[in-house]
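2 protein chains.
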Amino acid sequence: MNGATSLVKTMLDSGVDTVFANPGTSEMHFVAALDAHPEMRCVLCLFEGGTSGAADGYFRMKRDVAGTLLHLAPGFGNAFANIHNARKAGSGMVNVMGDHAIHHLQYESPLKGDTVGISQTVSHWTRMSPDAASVAPDGADAIRAARSRNGQIATLILPADTAWDTADGPVTAAAPPALRRPDDALVEAIAQQLRQPGAALMIGGTALFGAERELAGRIAARTGCRLICDTLLARIAKGAGTTKVEQLVYPVTPKIAQMAGISTLILLGTERPVAFFAYPDKPSLPEPAGCAVTTLCGPEEDIGWSLQALADAVGASDADAPARFQLDLPAVATGEMSLAKVGQTLAALIPEDAIVCNEAITSGHQVLPLTTQARPHEVLGGTGGAIGLGLPCAVGAAIACPDRKVIALIGDGTAMYTLQSLWTMAREGLDLTVIIFANRGYQILRDELKNVGVNSYGANAQAMFDIEQPVLDWVALAKGHGVPATRVEDADFFAASLRAGLESDGPALIEVVCG
Amino acid sequence: MNGATSLVKTMLDSGVDTVFANPGTSEMHFVAALDAHPEMRCVLCLFEGGTSGAADGYFRMKRDVAGTLLHLAPGFGNAFANIHNARKAGSGMVNVMGDHAIHHLQYESPLKGDTVGISQTVSHWTRMSPDAASVAPDGADAIRAARSRNGQIATLILPADTAWDTADGPVTAAAPPALRRPDDALVEAIAQQLRQPGAALMIGGTALFGAERELAGRIAARTGCRLICDTLLARIAKGAGTTKVEQLVYPVTPKIAQMAGISTLILLGTERPVAFFAYPDKPSLPEPAGCAVTTLCGPEEDIGWSLQALADAVGASDADAPARFQLDLPAVATGEMSLAKVGQTLAALIPEDAIVCNEAITSGHQVLPLTTQARPHEVLGGTGGAIGLGLPCAVGAAIACPDRKVIALIGDGTAMYTLQSLWTMAREGLDLTVIIFANRGYQILRDELKNVGVNSYGANAQAMFDIEQPVLDWVALAKGHGVPATRVEDADFFAASLRAGLESDGPALIEVVCG
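For the protein sequence lines, the chains are L and U, in the order given.
The numbers in the first sequence follow numbering that gives the first Met the number 0, run straight up by one, and end at 514.
The numbers in the second sequence follow numbering that gives the first Met the number 0, run straight up by one, and end at 514.
Think of the hints as simulated: they come from the structure by calculation, not from any bench.
As the list makes no split between identical chains, a pair holds if one copy fits it or if it spans any two.
Calculated cross-link-like contacts (lysine-lysine; reagent style DSSO-like; alpha-carbon spacing at most 27 Å): (1) Lys111 with Lys281; (2) Lys254 with Lys243; (3) Lys254 with Lys111; (4) Lys449 with Lys111; (5) Lys254 with Lys281; (6) Lys243 with Lys61; (7) Lys449 with Lys281; (8) Lys254 with Lys449.
Turn these sequences into a full structure, and let the hints guide you.
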């Protein structure tokens, strides 16, 4: 077999059976190898930003890696923004980047570029295979690296001759190294600290959903500490029955107010909170002066073990019932449209176990708080601040969880970055309802300009903030990609459209025209 | 004034008055500064790939730099593929990349990324301003760098505090350093060589259009050498009256046949020709074994001076009439559609001085040869092999040359990479006709798979090569972006649609359904 086939077999033998692909002329042998292995699911994305965003969404739900197939340095560049987002989400992925045959790299051919350099700016692990025999062991190492430390970005660069030359058989990826665990003394010390007034436990990663979230709730119930989480989250359980966690808000001033009174901050599965962006005369760190910040367990360490150890140390048990959100379904909203009514109708109709991908940067803040007492669901959010994640992330989540309904809440400015993902939704027949919030501008920028002290602006700023003249027609854009769509301008039609989207088992798009 | 204002004034004072922008939260002070200077033209692109591609097209026509405004490392990532293409085209541009305030960079905030690292993988010149007072001199240096060596990629990284802190006044960019020129002995030696049998002069850069092309034609007429040029060209004059140049073809085997008989190859404004991609058992270099390859003048050296020196050395004068293409307009094609008929009708209707942006990767080879005897026009092509250049490049060319008609020939697979540029065409009311060749797949990949010896393929390869199920509806996609569009399936309607597009002074799109 050739190197390309040895890699496909290595991936399959190692349990990696999904590839989000956008192949180019450098990956033809890899395409041929994929073609000979129909048990590998190949999902075509019409732009590389779709591949990396989908691999991120897939990992968030599956907690295991998919592959991407990228075309030399420019292809990696196109995927870069969503690889950045995935890195910040703690998602693992295996990027396979084609390159020129090694003997061809000495020439200034059109596609010659710094494949290793661009990978290293964002990947945790980068390797270029030197020959065909190395491809299978390198591929196994890449998969192991991608599964390490709760999920990493691993990029394997394959010069074309390493794909077409003769290789040995496949290699099964070794298990990733054991996750680092805090020592007993630290666990004990923190167990004491959490019982003091002003203590807060800030959780992240897998502690935000499932059994680990429940455990965190018990620790809070037992110790009386505050249980908080960061603003931008890869995945969080929400709705009826979930244990209560306070999420930090985005703007700096209210974030600081939210953290007032915290004198001891314990981090478990998350980084220290920091302002999204620096402003003149505002602090980067939102916690009160003098607050002691201690990491029990970083995002790349053993979150589940740390939670259990801490629960044991504080003596938490089944008897420590955490505070929970109760089911309280509103009626669907009627009459004139508003963002609050979108949230209300969403809360009324969101199906149990739905996955909500949220990249409605500004509108989401007015919509999502309303689903707190809806049926239990999970929310996947932006983590790296690079827009264009939402649609591809929804693709990946829908492919990872074909039995769950996926709802994507996306701002119009953001959606334009990776709108090609609509086509993949249609091609794959994904069970997915996309809601586009057409505020027809970069609302976040209007807000940010105020944040830096500019309160009125003229033609050039308006030209850069408004997506008008012409207005984007999302019904036409969706139709162009093969996705059925409706435009809604009142709450009743929104409810009817959302119901129809959720009842269908294919993709649908709803353009909500709403400032 | 603050650092941001000092940069805007520096750009204007230095003659840089056009910015292709996609601002993010890190560039608010720069946006405010642009807003205060309406003499700076700000063109909004809804994706950063549109900004860099437009700056490339602008430079190719204007032969001077525009700015781009990019948002941290992910924004640069989105722009990367077309920066790569611009670099390979020899186009200069000034990228202004925002970053976090310097005191904020120590924290793991969501958008923290390797801004310097990603820039250095593709820019000729990268600098991060350390403080506000440095922004104006750094900006002037960036402009000078971008104008150096016939055009370079210069990237200035502005931490937010360097934009908002107090700065001194603007700085006018110094003239770029003098271009390197070949010494007299080399010119004389080459003048001798060109008179020998088997000599070929291969030209590139500015030698492909205008007065320099004419000079190259006289040198060929005087010496009897072959006059050739590379496959992928940033800009070339074409049509009636232009001096004849043989363009090397894309596939390796016919390229080798084309170069047979060349024993002396002189490079003037171009790199040594090399196969686009390596294949098993095919050479990377297409020239015959033993062919002597000599560079008279690299693409970054003084092409105009070198041409004149060579013309003087061979004794070329007005009397040496070069071979020229003669005007020979066909009738517009009628009846059933074919790519040849598209070329025929284009040849019949293409207006004088039109700019044709060609990114119809496979269809273009069947269309463009037919315009050789059309009215004089210029063709801008892909140079770096990264698809998604065509639509943004057309935007930049149309903004650089508002008095010339622009026609974009784009493959459907390619167009999907940067389709957001359609909106910028509508917003700016550009005089531009886009022809999309809907072969509904990545035809180049079907061809390349054959090139590596795979002649039949199954479901996975088909899934990755075909853009069907669903078919893209380009009329709807164009409408969604605010561009009027028609779908044509016969030659008569194509002629009518092209006429209408060219008569209109705004954008129009024609979807040509043709395998």
